[in-house]
Amino acid sequence: QVQLVQSGAEVKKPGASVKIACKASGYSFTYYAIHWVRQAPGQRLEWMGWISADNGNTKYSQKFQGRVTITRDTPARTAYMELSSLRSEDTAVYYCARVLYSLSFDPWGQGTLVTVSS
Amino acid sequence: QSALTQPASVSGSLGQSITISCTGTSSDVGSYDLVSWYQQHPGKAPKLIIYEVNKRPSGVSNRFSGSKSDNTASLTISGLQAEDEADYSCCSYTGSSTPYVFGPGTKVTVL
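Those sequence lines, one after another, are chains V and U.
With this note's numbering, the residue at position 60 of the first sequence is 60, and numbering never jumps.
With this note's numbering, the residue at position 42 of the second sequence is 160, and numbering never jumps.
Honestly, the hints are just simulated from the structure, not real lab data.
Heads up, a few of these hints could be off.
[Unchecked claim] Each computed EDC-like pair below joins lysine to aspartate or glutamate, with the alpha-carbon atoms no more than 16 Å apart:
1. U:K162 to U:D202
2. V:K23 to V:E46
3. V:K13 to V:E89
4. V:K23 to V:E89
5. U:K165 to V:D106
6. U:K173 to U:D151
7. U:K162 to V:D106
8. U:K173 to V:D106
9. V:K63 to V:E89
So here's chain V without its partners, still in its complex pose (with noise of 0.2 Å):
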């Protein structure tokens, strides 16, 4: 079946970088692309950005835009996330998410818990 599988959860201090993998199986890999979505304890879903499994081309929101950075490895079938000078505000759970052409999200990861802490 479709599925995302992501890393584990990450413990970082504030100013560091984390990197989040999405590896996908099920389905073929370049046809979607895969979109970054987080979630803040009791806050909304918040999209992040996204990348074309095909072309590697990305998009970021501006909200974290020169701090997000989002990469493919077609062969490995992974994407990955990293969002660097890490601050408390971006303890969350991140979520990937497979793009349909119907631009809906589906499936998603199990989600990644990145808690920043000094």
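Place chain U on chain V using the hints.
Relative to chain V, chain U alone:
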């Protein structure tokens, strides 16, 4: 980019129907038939239950239905069941530099 608004909570008895609203603007919900809805149980990832305003993915119960009028989209859950107790978030495509906006989520309680 404005965010979408939803009621914080909605409740209903087993077997009843409930409706959750999702209000945006003419720049997002009102401009595109690209509203989707996600069900999220505590500690779990969101699950797509409605896309393109009123379409259901394969495997999603037909008790879930969606609609839209002007700048407001709605999700209706009919024949409420215990397993429907979850958070429901709407999402709209915006066509702007931030292409997706989400609602804050609505907690559904089954009485």
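Hints versus structure:
no., hint, result
1, U:K162 to U:D202, "holds, 14 Å"
2, V:K23 to V:E46, "violated, 21 Å"
3, V:K13 to V:E89, "holds, 12 Å"
4, V:K23 to V:E89, "violated, 26 Å"
5, U:K165 to V:D106, "holds, 7 Å"
6, U:K173 to U:D151, "holds, 11 Å"
7, U:K162 to V:D106, "holds, 14 Å"
8, U:K173 to V:D106, "holds, 13 Å"
9, V:K63 to V:E89, "holds, 13 Å"
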